Amino acid sequence: MLRFASIRLVSLSLSLLAASIVIFAVVEVIPGDPASYMLGMNAQEDTVAALREQLGLEGSIVTRYFTWVTGMLQGDFGTSYTYRVPVSELILARIWISLPLAVYALALSTIIAFPVGLIAAAQRGKATDTGIMAATQLGVAVPNFWFAMFLVVIFAIKLRWFSAGGFPGWDEGFWLSIKSLTLPAIALALPQASILARIMRSSILDTLDQDYIRTARAKGLTRRQAITRHALRNAMIPVLTIIGMQFSFLLAGAIIIENVFFLPGLGRLIFQGITQRDLIVVESVVMLLVFAVITVTFLVDLAYAAVDPRLRRR
Amino acid sequence: MSLLSVKNLNLSIHGVPILKGLDFEVQPGEVFGIVGESGSGKSMTALAAMGLLPEGAVASGTAHLEGIDLLSTPEAQMCGLRGNRIAMIFQEPMTALNPVKTIGDQVAETLVIHGRASKAEALKIAREKLDRVGLPAARFPLDRYPHELSGGQRQRVVIAQAIALRPQLLIADEPTTALDVTTQAQILKLLKSLVNEEGMALILITHDLAVVSDIADHVAVMKLGEIVETGTTVDIFRNMQHPYTKQLFAASSHVPERVADAKDAPILEVVNAVRTYAMPREKLFRKPPRFKAVNDVSFTLFQGENLGLVGESGCGKSTLTRAILGLDALDSGQIRLFGQSVTPAMPNTLRAGVQVVFQDPYGSFNPRWKVERLVAEPFHLMVEKPADSRARVAEALDSVGMKPADMGKYIHEFSGGQRQRIAIARALILRPDLIVLDEAVSALDVSIRAQILDLLADLSDRLNLSYLFISHDLSVVRAITDRVLVMKAGQIVESGDTEDVFTNPQHAYTRELLAATPRLPDNAVA
Numbered sequence: 001m002l003r004f005a006s007i008r009l010v011s012l013s014l015s016l017l018a019a020s021i022v023i024f025a026v027v028e029v030i031p032g033d034p035a036s037y038m039l040g041m042n043a044q045e046d047t048v049a050a051l052r053e054q055l056g057l058e059g060s061i062v063t064r065y066f067t068w069v070t071g072m073l074q075g076d077f078g079t080s081y082t083y084r085v086p087v088s089e090l091i092l093a094r095i096w097i098s099l100p101l102a103v104y105a106l107a108l109s110t111i112i113a114f115p116v117g118l119i120a121a122a123q124r125g126k127a128t129d130t131g132i133m134a135a136t137q138l139g140v141a142v143p144n145f146w147f148a149m150f151l152v153v154i155f156a157i158k159l160r161w162f163s164a165g166g167f168p169g170w171d172e173g174f175w176l177s178i179k180s181l182t183l184p185a186i187a188l189a190l191p192q193a194s195i196l197a198r199i200m201r202s203s204i205l206d207t208l209d210q211d212y213i214r215t216a217r218a219k220g221l222t223r224r225q226a227i228t229r230h231a232l233r234n235a236m237i238p239v240l241t242i243i244g245m246q247f248s249f250l251l252a253g254a255i256i257i258e259n260v261f262f263l264p265g266l267g268r269l270i271f272q273g274i275t276q277r278d279l280i281v282v283e284s285v286v287m288l289l290v291f292a293v294i295t296v297t298f299l300v301d302l303a304y305a306a307v308d309p310r311l312r313r314r
Numbered sequence: 001m002s003l004l005s006v007k008n009l010n011l012s013i014h015g016v017p018i019l020k021g022l023d024f025e026v027q028p029g030e031v032f033g034i035v036g037e038s039g040s041g042k043s044m045t046a047l048a049a050m051g052l053l054p055e056g057a058v059a060s061g062t063a064h065l066e067g068i069d070l071l072s073t074p075e076a077q078m079c080g081l082r083g084n085r086i087a088m089i090f091q092e093p094m095t096a097l098n099p100v101k102t103i104g105d106q107v108a109e110t111l112v113i114h115g116r117a118s119k120a121e122a123l124k125i126a127r128e129k130l131d132r133v134g135l136p137a138a139r140f141p142l143d144r145y146p147h148e149l150s151g152g153q154r155q156r157v158v159i160a161q162a163i164a165l166r167p168q169l170l171i172a173d174e175p176t177t178a179l180d181v182t183t184q185a186q187i188l189k190l191l192k193s194l195v196n197e198e199g200m201a202l203i204l205i206t207h208d209l210a211v212v213s214d215i216a217d218h219v220a221v222m223k224l225g226e227i228v229e230t231g232t233t234v235d236i237f238r239n240m241q242h243p244y245t246k247q248l249f250a251a252s253s254h255v256p257e258r259v260a261d262a263k264d265a266p267i268l269e270v271v272n273a274v275r276t277y278a279m280p281r282e283k284l285f286r287k288p289p290r291f292k293a294v295n296d297v298s299f300t301l302f303q304g305e306n307l308g309l310v311g312e313s314g315c316g317k318s319t320l321t322r323a324i325l326g327l328d329a330l331d332s333g334q335i336r337l338f339g340q341s342v343t344p345a346m347p348n349t350l351r352a353g354v355q356v357v358f359q360d361p362y363g364s365f366n367p368r369w370k371v372e373r374l375v376a377e378p379f380h381l382m383v384e385k386p387a388d389s390r391a392r393v394a395e396a397l398d399s400v401g402m403k404p405a406d407m408g409k410y411i412h413e414f415s416g417g418q419r420q421r422i423a424i425a426r427a428l429i430l431r432p433d434l435i436v437l438d439e440a441v442s443a444l445d446v447s448i449r450a451q452i453l454d455l456l457a458d459l460s461d462r463l464n465l466s467y468l469f470i471s472h473d474l475s476v477v478r479a480i481t482d483r484v485l486v487m488k489a490g491q492i493v494e495s496g497d498t499e500d501v502f503t504n505p506q507h508a509y510t511r512e513l514l515a516a517t518p519r520l521p522d523n524a525v526a
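As given, the protein sequences belong to chains P and R, one line each in that order. Sequential numbering of the first sequence, starting at 1, is according to the numbering used here. Sequential numbering of the second sequence, starting at 1, is according to the numbering used here.
Among the hints, a few may not be true.
Here are a few chain R residues that face chain P, going by a calculated C-beta distance under 8 Å [said to hold, decoys possible]:
no. : residue
1   : Leu53
2   : Arg82
3   : Ala87
4   : Phe90
5   : Ala96
6   : Leu142
7   : His147
8   : Gly151
9   : Glu377
10  : Phe379
To be clear, the hints were calculated from the coordinates, so they are not data collected in a lab. Please read all numbers here as calculations on a predicted model, not as lab measurements. In this text, a Cβ means the ideal position worked out from N, Cα and C, and glycines have one as well.
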């Protein structure tokens, strides 16, 4: 198991290295010079050159890449071109919204999807199953921002249980912050839960067709025991993959929901960074997201090995 | 009193009748064989007794196990009987165990689920049962996972689960069909000893008459949902009454008529062929060790000759076949076809000279193509597709006993035997000199198998074809080949004229294989 983990760790570090090169290269080829963007159309050439020097945009690509990477390793993500504050500060302020939001949404999605998928599988072909399949189909098809607006109309405007947007900050109290993240988390979670429930259902149904379930039944297990003792753990393998992918998506892909609810998260930061040619912010946030995705992938790999003994010896 | 008494058992699935008025009795401590071809309803009979019928199945009649009617017992009580008084093992040991649970847990589960033991006691009993089925603690500790065991070992674990509570009746549905002959012999011996020592009754379901004749006390022959003949094994084999039983018997020992006329011209020459595979790394930065799948194999196949290649799973047959077909490169050595070197990069014109028929008549066709396109597919090996391609497809279909009109149909419209005929037509379409038959009749019922063997013999005589006939089934190889190679662990351990090798085997492994092969009784009369 330790061997498995260390081999995965090495390969993931290599992916991280490769990702940093790709991100750096892509941002390099994006047209538009941040210095001339910041100074406006009529700026003098030597002013622009001076600003480029100041922003660290001069020098060969290779030196700049290494400055960037070594800086990041020491926690220095550079200084934002537009805000003139360290990027790390910008990220730190926002990650405490985006990360809890992603975790919250994923928790909701999993809590909803597991029992729903399980019930649908156990009731295959019956009315409950048909109902669940129809509902999840709707959940997959409807975009999350539509859910967001729907939730705002019902719970914020009509019932006045939640505020329609904004984030008070963790200093204002834990529960108050959680409350303000609730509607966005639900809006994010519903489509994810629908996908996950459907995967869960089909994965359980696949395992129920396996020979070892028949063996278990021949030993005297009831249908329910066969599901809980034998089908569930095997069915988890594809489900784990989807959970890993969903977390990455929730962390990086909440841009629209953050906008709907006026949440100053990473999604909005990266959006602003792109529109303002604040490339250093874009690079750093994307790199951070890649790091998060790779970490989650690693955790999912470990979870695989925990579930499936066949993977442990590889 | 009988242990199991089945009376007028009828079964239909979604309205289609599957079993028609079955009557049979199983006595305590006996082996009751049920023989039949696919679709005869053997497995459904077993599943009906277990109460594990598929959805849409409706059964009528009675099946009394010591006074309890298994057909009318509610599901909740059936769960108490299954694994406890009546147990079952299945055909496919590779998938019969849960891959994420240890073998100890899975055997112990039978005891725990029936409330017969605490988890700790159950594990102790599981240990005893695994010892009993020939999996000693030293090599097979309880925390082994199924993927660490071979097929035969897994089947032993399945048996240990089934006998953990000493059921009165064990049903074994084709328990050895997926296993090699030597493993099959061991498992059958184990089952027989369990019957003798534990006083269990065994219902043995199989397609193989020879297996039944070896081990069963009573036999029932099934055809299309009916028992056509039943009696003691000795009586049945001495004095077969029903034409179907006679037909099955004749097909099981069928030897096609053919003329052996091998010429001196070599078609295929394999010279010191070696093929290795990398095994998992032992140390992170050390070269992984290599496994020699084919280890210094040499032989020559002559024009018009039928050459057999026998060996058990993992012996390297398939690896060698892939190399001969030019699908995989060799590490060293050479394969020559008509004197030209066979490699993955060989020209299509050379490829056209050797065609292949695989084992699985269901998996070896694209289901979305019509038969005409399937059979004509090898034409892409030619520089130019022949103008009379339709006529040649019709000719090929005709030569394998199919109708030219079948061209317009899809493959799912055909039975297994018909599909194998179409596969042979596909192999014939380029008029090759050599056809590789890779377990080509292994998945077929005996009567279909006999027909296909006749067809192959006829084709080889008529078209002067050579065959490389690869199989684990010694009786088939004996029936159709002139010369045979016996392969073990990547090497040819014995070769010679088929009759010589079978009547006077020289190598210990060949003798072991022959001894393990179930045989029909010599005094049997059809």
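Here is how each hint holds up against the structure:
{"no.": "1", "hint": "Leu53", "verdict": "11 Å, violated"}
{"no.": "2", "hint": "Arg82", "verdict": "4 Å, holds"}
{"no.": "3", "hint": "Ala87", "verdict": "7 Å, holds"}
{"no.": "4", "hint": "Phe90", "verdict": "6 Å, holds"}
{"no.": "5", "hint": "Ala96", "verdict": "5 Å, holds"}
{"no.": "6", "hint": "Leu142", "verdict": "14 Å, violated"}
{"no.": "7", "hint": "His147", "verdict": "5 Å, holds"}
{"no.": "8", "hint": "Gly151", "verdict": "13 Å, violated"}
{"no.": "9", "hint": "Glu377", "verdict": "32 Å, violated"}
{"no.": "10", "hint": "Phe379", "verdict": "39 Å, violated"}
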